[in-house]
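Undergrad: Sequence:
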Amino acid sequence: MEHIIKDDINHEDWMSCLPEQLWDLPLTHLSIPGSHDAMSYCLDITSPLLRSESDSFRLLDGVFCCFTRPAIYRWATTQVQNIVEQLQAGIRYFDLRIAHKQYDPSNELYFTHVIYTYATVVETLQAVASWLESHPKEIIILACSHFEGMDYKRHEEFIYSLKKIFGSKLCPQKALLTLRSLWRSGYQVVLSYEDQSASRHKELWPHIPYIWANKPNAEELIDYLECQKRLGRPDGFFVAGLNLTTDRCFIASHPRVSLQTLTMENWKQVKEWLEDQKPGAEPTCLNIIAGDFIGPVPFCSLVIALNKKLL
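Read in order, the letters of the sequence shown are residues 2 to 312 in our numbering.
The set of hints was computed from the structure by calculation and includes no laboratory data.
Just so you know, not all the hints are guaranteed correct.
[Stated by the list, open to error] Computed cross-link-like contacts, DMTMM-like style, restricted to lysine to aspartate or glutamate with a CA-CA straight-line distance of at most 20 Å:
(1) Lys138 <-> Asp14
(2) Lys102 <-> Asp56
(3) Lys279 <-> Glu195
(4) Lys309 <-> Asp277
(5) Lys309 <-> Asp14
(6) Lys216 <-> Glu273
(7) Lys272 <-> Asp224
(8) Lys309 <-> Glu283
(9) Lys102 <-> Asp196
(10) Lys102 <-> Glu21
(11) Lys102 <-> Glu195
(12) Lys279 <-> Asp224
(13) Lys269 <-> Asp224
(14) Lys279 <-> Asp236
(15) Lys279 <-> Glu21
(16) Lys230 <-> Glu220
(17) Lys164 <-> Glu139
(18) Lys309 <-> Glu124
(19) Lys138 <-> Asp224
(20) Lys203 <-> Glu276
(21) Lys309 <-> Glu13
(22) Lys102 <-> Glu149
(23) Lys216 <-> Glu227
(24) Lys272 <-> Glu227
(25) Lys269 <-> Glu220
(26) Lys230 <-> Glu273
(27) Lys309 <-> Asp25
(28) Lys310 <-> Asp25
(29) Lys175 <-> Asp236
(30) Lys310 <-> Glu266
(31) Lys269 <-> Asp236
(32) Lys138 <-> Glu21
(33) Lys165 <-> Glu134
(34) Lys203 <-> Glu157
(35) Lys230 <-> Glu283
(36) Lys165 <-> Glu124
(37) Lys309 <-> Glu273
(38) Lys310 <-> Glu276
(39) Lys309 <-> Glu149
(40) Lys165 <-> Glu220
From just these sequences and the hints, can you work out the full model?
TA: Take a look at the structure:
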């Protein structure tokens, strides 16, 4: 039976629905939807600031928290769907920023973006592992980074937890990264761990480059990404981030604007550029494409559909 990629495909199982001609291509040559700051949908507005925030911002937040906290929430929230909903929507790359809270006597780890999340890391990853059990042909890429407040001992404990949660699903670095090979081996999780403590663990992959424009509008974002494309793509996995950013001056002077309204205002131009992209091995090809607010726009459909260009 012929497999056809449609816009209305059940994205929950989109990898297993790809045409057989694509099963022997490396995942690094496919177009894969990603979620930037994937866990920011559950930020705890009452939590402390990250210790990496500046002293001046910490002072401002301490005195004027009734102004700073709503602004942080508007601009640090990049997703509105929970992690299982993102998996169901078709997201297969997750940007996960992890930290241990300062002065917290427990070993609990949280996700972060300026502040901490309600959701804890281990509980969230257990939910992901459970979802994978019922979707044995879907492969995900987890990019764990930042690790604020984590010493060697905490890293070792967390790595032990990761191995326990995902077990034989963890894809070792030497594995052949094609769908057919991964399905045969039962590997479902490529886990990138951006810290030197991962170097002696064969199940953990090194940092995956994330191309990030740090621009406030679609035009500048696209110019930057086009410039990066001309420089050529890395050999392995890499991420093109479609996320927009602004500075604190802009945030303070635009109290009615949020990251979500900014993303929606620029979506039409970003969408047109995205539809012109292609996956593959050539220097200007893209691989993982990560976005903000992946639910309110047909982001996953567009990224998955780019794989048709490989046929």
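Undergrad: Give a verdict on every hint.
TA: Here is how each hint holds up against the structure:
Our distance criterion of 20 Å between C-alpha atoms is met by Lys138 and Asp14, whose separation comes to about 7 Å. As the CA atoms of Lys102 and Asp56 are separated by approximately 17 Å, the hinted pair is consistent with the 20 Å bound. Among the hinted pairs, Lys279 with Glu195 is inconsistent with the structure: their alpha-carbon atoms are about 27 Å apart, more than 20 Å. Annotation: proposed proximity of Lys309 to Asp277 holds, straight-line Cα distance about 12 Å (limit 20 Å).
For the hint pairing Lys309 with Asp14, the CA-to-CA distance comes to about 16 Å; that is within 20 Å, so the pair holds. For a cut-off of 20 Å, the pair hint linking Lys216 to Glu273 stands: about 18 Å separates their Cα positions. About 14 Å separates the Cα atoms of Lys272 and Asp224, which keeps this hinted pair within 20 Å; it holds. A hinted pair counts as satisfied when its Cα atoms are at most 20 Å apart, and Lys309 with Glu283 qualifies at roughly 16 Å.
Between Lys102 and Asp196 the alpha-carbon distance is near 18 Å, which keeps this suggested pair within the 20 Å criterion. At most 20 Å may separate the alpha-carbon atoms for a hinted pair to count; Lys102 and Glu21 exceed this at roughly 46 Å. Among the hinted pairs, Lys102 with Glu195 is consistent with the structure: their alpha-carbon atoms are about 19 Å apart, no more than 20 Å. For a cut-off of 20 Å, the pair hint linking Lys279 to Asp224 stands: about 17 Å separates their Cα positions.
A C-alpha spacing of about 16 Å is found between Lys269 and Asp224, which places the hinted pair at or below 20 Å, so the restraint holds. Proximity of Lys279 to Asp236 is assessed by CA-CA distance (about 16 Å); at most 20 Å being required, the pair is judged to hold. Straight-line distance between C-alpha atoms of Lys279 and Glu21 comes to about 19 Å, which keeps the hinted pair within the 20 Å bound. Straight-line distance between C-alpha atoms of Lys230 and Glu220 comes to about 15 Å, which keeps the hinted pair within the 20 Å bound.
For the hint pairing Lys164 with Glu139, the CA-to-CA distance comes to about 19 Å; that is within 20 Å, so the pair holds. In summary, the hint linking Lys309 to Glu124 is not supported, as the alpha carbons are separated by about 36 Å, beyond the 20 Å threshold. About 36 Å separates the Cα atoms of Lys138 and Asp224, which puts this hinted pair outside 20 Å; it is violated. For the given pair, Lys203 sits about 37 Å from Glu276 by alpha-carbon distance, which is inconsistent with the 20 Å threshold.
Distance hint between Lys309 and Glu13 is fulfilled; the C-alpha atoms sit about 18 Å from each other, no more than 20 Å. Among the hinted pairs, Lys102 with Glu149 is consistent with the structure: their alpha-carbon atoms are about 8 Å apart, no more than 20 Å. Proposed proximity of Lys216 and Glu227 is supported: the alpha carbons are some 13 Å apart, at most 20 Å. Using a Cα cut-off of 20 Å, the hinted pair Lys272 and Glu227 holds, with the two alpha carbons roughly 15 Å apart.
At most 20 Å may separate the alpha-carbon atoms for a hinted pair to count; Lys269 and Glu220 meet this at roughly 11 Å. In summary, the hint linking Lys230 to Glu273 is supported, as the alpha carbons are separated by about 17 Å, within the 20 Å threshold. Restraint check for Lys309 and Asp25: satisfied, since their Cα atoms lie roughly 15 Å apart, inside the 20 Å limit. Proximity of Lys310 to Asp25 is assessed by CA-CA distance (about 15 Å); at most 20 Å being required, the pair is judged to hold.
Between Lys175 and Asp236 the alpha-carbon distance is near 15 Å, which keeps this suggested pair within the 20 Å criterion. At roughly 28 Å between alpha-carbon atoms, Lys310 and Glu266 are farther apart than 20 Å, so this suggested pair is violated. This hinted pair does not check out: Lys269 and Asp236 have alpha carbons roughly 30 Å apart, beyond 20 Å. With a C-alpha separation of about 13 Å, the suggested pair Lys138 and Glu21 falls inside the 20 Å cut-off, and the hint holds.
Of the pairs offered as hints, the one joining Lys165 and Glu134 holds, with about 14 Å between alpha carbons and a cut-off of 20 Å not exceeded. A distance of roughly 14 Å separates the Cα atoms of Lys203 and Glu157; the hinted pair therefore holds under the 20 Å criterion. Annotation: proposed proximity of Lys230 to Glu283 holds, straight-line Cα distance about 10 Å (limit 20 Å). For the proposed pair Lys165 and Glu124, the alpha carbon gap of about 12 Å is at most 20 Å, so the pair holds.
At most 20 Å may separate the alpha-carbon atoms for a hinted pair to count; Lys309 and Glu273 meet this at roughly 17 Å. Between Lys310 and Glu276 the alpha-carbon distance is near 11 Å, which keeps this suggested pair within the 20 Å criterion. A C-alpha spacing of about 40 Å is found between Lys309 and Glu149, which places the hinted pair above 20 Å, so the restraint is violated. For the hint pairing Lys165 with Glu220, the CA-to-CA distance comes to about 44 Å; that exceeds 20 Å, so the pair is violated.
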